[in-house]
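S.K.: In case you want the letters, here they are:
Protein chains: 2
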Amino acid sequence: MENKTFNVAVMGAGNIGSAVISRLMNLDKGIVGLNVKRVLVKDKSKKREISDDILTDNFDDILNDDSIDLVIEVLGGIDPGKDYIKALLQNGKAVITANKDIIADSGSDLINTAKENNACLYFEAAVAAGIPVLKPIIESLRGEELTKVSGIINGTSNYMLTSMEEGSTYDDALSTAQELGYAEPDPTNDVEGLDAKYKAVILSLLCFGTSPTSDDLFTDGISGITKEDFEWAARLGKTIKLVAQIDNKNGFNARVHPVLIDTKHPLAAIRGALNAVVVEGDNINQLVFSGPGAGAEPTASAIIGDVLSACHQLSSDQTNWYPLREFKGEMKNFEDVQSSMFIRLSVNDEPGVLANISGTFGENNVSIESVIQEGRGDKAELVLVTHEAPEKDIKNSIDQISALDSVTTVTSTLRVYV
Amino acid sequence: MENKTFNVAVMGAGNIGSAVISRLMNLDKGIVGLNVKRVLVKDKSKKREISDDILTDNFDDILNDDSIDLVIEVLGGIDPGKDYIKALLQNGKAVITANKDIIADSGSDLINTAKENNACLYFEAAVAAGIPVLKPIIESLRGEELTKVSGIINGTSNYMLTSMEEGSTYDDALSTAQELGYAEPDPTNDVEGLDAKYKAVILSLLCFGTSPTSDDLFTDGISGITKEDFEWAARLGKTIKLVAQIDNKNGFNARVHPVLIDTKHPLAAIRGALNAVVVEGDNINQLVFSGPGAGAEPTASAIIGDVLSACHQLSSDQTNWYPLREFKGEMKNFEDVQSSMFIRLSVNDEPGVLANISGTFGENNVSIESVIQEGRGDKAELVLVTHEAPEKDIKNSIDQISALDSVTTVTSTLRVYV
Chain A
16 MENKTFNVAV MGAGNIGSAV ISRLMNLDKG IVGLNVKRVL VKDKSKKREI
66 SDDILTDNFD DILNDDSIDL VIEVLGGIDP GKDYIKALLQ NGKAVITANK
116 DIIADSGSDL INTAKENNAC LYFEAAVAAG IPVLKPIIES LRGEELTKVS
166 GIINGTSNYM LTSMEEGSTY DDALSTAQEL GYAEPDPTND VEGLDAKYKA
216 VILSLLCFGT SPTSDDLFTD GISGITKEDF EWAARLGKTI KLVAQIDNKN
266 GFNARVHPVL IDTKHPLAAI RGALNAVVVE GDNINQLVFS GPGAGAEPTA
316 SAIIGDVLSA CHQLSSDQTN WYPLREFKGE MKNFEDVQSS MFIRLSVNDE
366 PGVLANISGT FGENNVSIES VIQEGRGDKA ELVLVTHEAP EKDIKNSIDQ
416 ISALDSVTTV TSTLRVYV
Chain B
16 MENKTFNVAV MGAGNIGSAV ISRLMNLDKG IVGLNVKRVL VKDKSKKREI
66 SDDILTDNFD DILNDDSIDL VIEVLGGIDP GKDYIKALLQ NGKAVITANK
116 DIIADSGSDL INTAKENNAC LYFEAAVAAG IPVLKPIIES LRGEELTKVS
166 GIINGTSNYM LTSMEEGSTY DDALSTAQEL GYAEPDPTND VEGLDAKYKA
216 VILSLLCFGT SPTSDDLFTD GISGITKEDF EWAARLGKTI KLVAQIDNKN
266 GFNARVHPVL IDTKHPLAAI RGALNAVVVE GDNINQLVFS GPGAGAEPTA
316 SAIIGDVLSA CHQLSSDQTN WYPLREFKGE MKNFEDVQSS MFIRLSVNDE
366 PGVLANISGT FGENNVSIES VIQEGRGDKA ELVLVTHEAP EKDIKNSIDQ
416 ISALDSVTTV TSTLRVYV
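Heads up: the sequence lines are chains A and B, in that order.
The numbers in the first sequence follow the numbering used here, run straight up by one, and end at 433.
The numbers in the second sequence follow the numbering used here, run straight up by one, and end at 433.
Calculated from the structure, these hints are not laboratory results.
Check the hints yourself; a few may be wrong.
With a straight-line cut-off of 20 Å between C-alpha atoms, the simulated EDC-like cross-links for lysine to aspartate or glutamate are [claimed, not checked]:
hint: 1; chain 1: B; residue 1: LYS163; chain 2: A; residue 2: GLU312
hint: 2; chain 1: B; residue 1: LYS44; chain 2: A; residue 2: GLU181
hint: 3; chain 1: A; residue 1: LYS279; chain 2: B; residue 2: ASP277
hint: 4; chain 1: A; residue 1: LYS410; chain 2: A; residue 2: ASP420
hint: 5; chain 1: B; residue 1: LYS279; chain 2: A; residue 2: GLU181
Far from chain A, some chain B residues (derived; all Cβ distances over 10 Å) [to be verified]:
hint: 6; residue: GLN193
hint: 7; residue: ILE217
hint: 8; residue: HIS272
hint: 9; residue: ARG391
Residues on chain A that point at chain B, a partial pick, calculated with CB under 10 Å [said to hold, decoys possible]:
hint: 10; residue: LEU42
hint: 11; residue: GLY145
hint: 12; residue: ILE146
hint: 13; residue: VAL303
hint: 14; residue: PHE304
hint: 15; residue: ILE319
hint: 16; residue: LEU323
Each residue gets a CB set at the ideal place from its N, CA and C atoms; glycine is no exception.
Model the full assembly from the supplied sequences, consistent with the hints where possible.
M.R.: Written out as structure tokens, the structure reads:
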């Protein structure tokens, strides 16, 4: 590794691309010799701090240059990056990408392409940016049967939930996140859980050997969460987090949704734009990896880590991939997943209401763990937490309860992290 | 990796050795083919669940067997393991060890031996047992300039401190830890910080390229901590943890001692026998790795992870080691380290006492952050927290204060984690 200089191409020169190029150029030569040979951009004429000689707008200049050892893809979006990565791997080049969309869409196919061509493919930055968690999962923990992997893997929504925990409204939390550049002008991907969902698909592939389809992966976001939900959470010794859960304990299911989580759980301590991934298995109990989940510098750090791994691996002429895990488990639909549900209702303050409501749960075989009822004039606020029961039974109960004459509104429903 | 069967020898068949052998024998052949060819024991006649054919009491049977690809060392102690590991590396065999004593003593030498012989050396289990943290530090984070690494890396003392936080006395916490097998009959290594010190030396080598000597690494244990210290910690919004700190921000210093730490710090949440390592750098901010820090199964998990890495690496005929970090920094003696100190004194409740004490600090250029004085009959309890100042100035102040007529006892001194 010490004696060779590796030629690198970077595809994309946006925020992350620029951070990566600068880090590559300043990397201590005592670690590895690197030469940035090509940078692929859309528009060569745009002003940049990159020498004109190495700029190109033609992918073939990279694909067909036999002297290029490894290529970093930071274009964003699925096309044309996905086809580029595949072609590069087929040409035996090492590829490093930060692109969660591509890996969620085609991770398994691209890993197989890498293996067939004795090529290297790395994507540490695609999940939880600056936290080195994928390599430990792929390599160090490959011998473990994992039972559950969960995580806070969207920094924007966690930043907003942390603000709300401290008293902000949802709208204030969102505008601050937008001002700070954490949230996009259209925040849908972050606040509706879609970004976390792509990352959950990648974790699922690496930890359990299966990539759930979009339909199989129940996803709910944080846009319905209110300050009042946080006040109730605090009364119960809990807070609210958007958590991805991939569970293979009693049947396999992956899902992303907000949860009420005990303040003593390690994920409850993950504040602001931080990310964390919790990996569980019989031998290792519970491992927690936490750190910065977004931003150009942490993302560049993950990419540089991958570059070093690739350079070390390249002289061996073999893929970096250990055999992928084979899926062992039984797919469980979300409606069969066991959940404990927190339910907040506005009801008429009159005799028999609680009996009606608890009767409805009983008919659906859902038992109730705790109830708090508080008068609000001629209305009352009723807060119930159910024991674990299948999602479909809980859903039926809530549908029937919301149709009761004495129930004005189902104000909110939140799953409890168990 | 998939098509070859690797021959493995295990040196040592105690608790950990037995767990490792059982895991090796039951490992999914789809990951890698492994054959346990030899197990080195002291006494072959002892009854074990290991076939007689593979037992040996002669190290040369392993060293000179060319068919053995990799050797796992779990003998314990420095001798003869250290010489064995060196000889095996010189014969080109991959070596995996869980032995913190050997790596703290000779890590740098053994790594160089591995590199010179294109051999592999792994020791993930030597620090924080089941947490995959060394590989991320060695590989994923090799491109980062780290500023500080700290951690709770002794499970026994953390178990005891957690019990004390919950109200136990030191003696009760120790006897429970001994009953549960967390603490040895002679608990010195754990409670006096020696175990954590060895691990700090290893972290220092990997993170900063230098192995501090025993004299350079200030070490203090938990045997002086009392219930009353915890009560005071709670009043200040803090708890007490035994933390190893290796700091290269303003000069380099490594040290292990108990600290008063804010309950919101990630290390404060590490409870019971868990371990955690916090890695800091400008680009990555703060990464936290936590999980089980001891026990046969987590240790075996780390060793199996190393076995998989070794098998993957072996077909490349090159060492697993990236260039070690070069030490960049200026060694700072512990007496020059800046500390903030919590000091609890029993004093005579008479005029002028506080003036005398604060005057003494002032003469030593130590400024005081907070003071609480509480009457206890004709005595008073005085609790001071200093701002950060050099250790030697704080020590001088305390020496002079303890000699004052109005000061009965310096009840306790604890550094505050800053």
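S.K.: Any hints from earlier that this structure breaks? Give me their numbers in increasing order, please.
M.R.: 2
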